[in-house]
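Position chain B relative to chain A; hints supplied.
Which chain is which? The protein sequence lines are A and B, in order. The first sequence runs 1 to 268 under this note's numbering. The second sequence runs 269 to 536 under this note's numbering.
These are computed hints drawn from the structure, not numbers from a lab.
Footprint (simulated), chain B over chain A, 3 or more residues, beta carbon under 8 Å:
hint : segment
1    : 20 to 34
2    : 37 to 43
3    : 68 to 82
4    : 191 to 205
5    : 209 to 217
All C-beta atoms in this analysis are idealised placements derived from N, C-alpha and C, irrespective of residue type, glycine included.
2 protein chains.
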Amino acid sequence: MEIICVGNELLIGKIINTNATWLARRATSLGISVKRITVIGDNTKEISTAINEALNRSPRFIVTTGGLGPTFDDKTMEGIAKALDRKLAVNGQALKMVKQKYETFARQGKIAKAELTPPRVKMATMPEGAKPLPNPVGTAPAAKITIGKTVLIALPGVPPEMEAIFEDSIIPLLRKEAKGRMFMEQTIYADSIMESTLAPLIDNVMHEISRVYIKSHPKGQEGEPHIELHLSTTTTNIQTGKRRLRKATSRLSDLIEKAKGSVMAAEQ
Amino acid sequence: MEIICVGNELLIGKIINTNATWLARRATSLGISVKRITVIGDNTKEISTAINEALNRSPRFIVTTGGLGPTFDDKTMEGIAKALDRKLAVNGQALKMVKQKYETFARQGKIAKAELTPPRVKMATMPEGAKPLPNPVGTAPAAKITIGKTVLIALPGVPPEMEAIFEDSIIPLLRKEAKGRMFMEQTIYADSIMESTLAPLIDNVMHEISRVYIKSHPKGQEGEPHIELHLSTTTTNIQTGKRRLRKATSRLSDLIEKAKGSVMAAEQ
Numbered sequence: 001m002e003i004i005c006v007g008n009e010l011l012i013g014k015i016i017n018t019n020a021t022w023l024a025r026r027a028t029s030l031g032i033s034v035k036r037i038t039v040i041g042d043n044t045k046e047i048s049t050a051i052n053e054a055l056n057r058s059p060r061f062i063v064t065t066g067g068l069g070p071t072f073d074d075k076t077m078e079g080i081a082k083a084l085d086r087k088l089a090v091n092g093q094a095l096k097m098v099k100q101k102y103e104t105f106a107r108q109g110k111i112a113k114a115e116l117t118p119p120r121v122k123m124a125t126m127p128e129g130a131k132p133l134p135n136p137v138g139t140a141p142a143a144k145i146t147i148g149k150t151v152l153i154a155l156p157g158v159p160p161e162m163e164a165i166f167e168d169s170i171i172p173l174l175r176k177e178a179k180g181r182m183f184m185e186q187t188i189y190a191d192s193i194m195e196s197t198l199a200p201l202i203d204n205v206m207h208e209i210s211r212v213y214i215k216s217h218p219k220g221q222e223g224e225p226h227i228e229l230h231l232s233t234t235t236t237n238i239q240t241g242k243r244r245l246r247k248a249t250s251r252l253s254d255l256i257e258k259a260k261g262s263v264m265a266a267e268q
Numbered sequence: 269m270e271i272i273c274v275g276n277e278l279l280i281g282k283i284i285n286t287n288a289t290w291l292a293r294r295a296t297s298l299g300i301s302v303k304r305i306t307v308i309g310d311n312t313k314e315i316s317t318a319i320n321e322a323l324n325r326s327p328r329f330i331v332t333t334g335g336l337g338p339t340f341d342d343k344t345m346e347g348i349a350k351a352l353d354r355k356l357a358v359n360g361q362a363l364k365m366v367k368q369k370y371e372t373f374a375r376q377g378k379i380a381k382a383e384l385t386p387p388r389v390k391m392a393t394m395p396e397g398a399k400p401l402p403n404p405v406g407t408a409p410a411a412k413i414t415i416g417k418t419v420l421i422a423l424p425g426v427p428p429e430m431e432a433i434f435e436d437s438i439i440p441l442l443r444k445e446a447k448g449r450m451f452m453e454q455t456i457y458a459d460s461i462m463e464s465t466l467a468p469l470i471d472n473v474m475h476e477i478s479r480v481y482i483k484s485h486p487k488g489q490e491g492e493p494h495i496e497l498h499l500s501t502t503t504t505n506i507q508t509g510k511r512r513l514r515k516a517t518s519r520l521s522d523l524i525e526k527a528k529g530s531v532m533a534a535e536q
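Bound-form chain A, shown alone (with noise of 0.2 Å):
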């Protein structure tokens, strides 16, 4: 899977990139792993240049999120017709829910009329062939487009907006595609020794035991060493993950003592 997020307030560090941790945790949680998280403004010829290179680099699944609102700078549906070389249009069944969210809204007394003005319509216009996904917490529709082997999502930027749409209609697509597959984690921590020391011990065990994969993520500094390490391996079957991580920490942790340094087991 590939995630590209567009919008200017994460270029101009506005915002913290939620969306797309939220995004890669859940695809990796079910199996699924994420190669490349693209950034890019709210411009037409950019959102249509990432697509495209994603493309090329056929993923089974491409994810964006943004710029799918009313407004001028929601572009990437606009970016995603151009990268395509498809028409933009109305999408019936996409006008349909957005008519039907403006109608509950008048009759809530929320608006006055339920009419359809530019930028309402807008929200339901999509490349020709798009699949639009239906919103259950705002107003502007998703959208689904199959092109070969890569189906591409096009999710709202609002985090419980684009959360709603991926649980309700993407997480079936990639539990299909997972094959059962799952990612397991573990973490451990290693005081008194510093990362130069331990690199040697992390290849070895990474050598021993196979599939599983072993990150050091240093948290004090290289003189006062705090070390976080994180063991991951993908599986089917969740007892063989469970023998892989606990043998890999087990074995990381003598290697770590007989250093001198000391372990500690992360909190759950």
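Relative to the frame of chain A, chain B by itself:
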């Protein structure tokens, strides 16, 4: 500027990419615009590809974060060398920096011997032609490499180290490039008006007052709208910037109130 963040931990959603946000905010505030942020894993080929893609877009600066440490999965220097087709070699100046760190640790009794083990020498191994930048917080030096019109800067991933090197060694370069440009911004909130109703009002103000960019961020739901409006401009004159933002804010507030919405200034 382009930012390239290296680290599997970002792609599995283990940590939020605060480094990218910090760098983007800091560069933007100095009048340097960030065009793209790319996140890739600890993989030499992926790093090299991402660097080459960024170089082809000819940004003035490329800043990478992560992958400079002593472990097997710290591969940024290798990836840069591959991208530039340069040899990787121990950099004498960098080795001196690393050596001094370990001699200090040894003097302080934090390690038994200051010996330059392979993982420690690895932190001084850089593509040919790189200029090491001192790391005032951690051990691994950063690196600066000039490729045509692009300056490539490789920073560590540990936030306090990344930030300290950026402040010490990179900010002077950015200031020189920005030639006095500043990014100025203001936020107001609109209530009781839907984003789809706001959209044409924003268009109007942006057409009327040039060089002010306005972006709406829905914080409530379309049915119960609470919308953040972020106004920004880049200028070399603080008075010009203030005047532009004041004019745009006042014009936009008038239009919102005419449309029966209410406006609130953001708390400073």
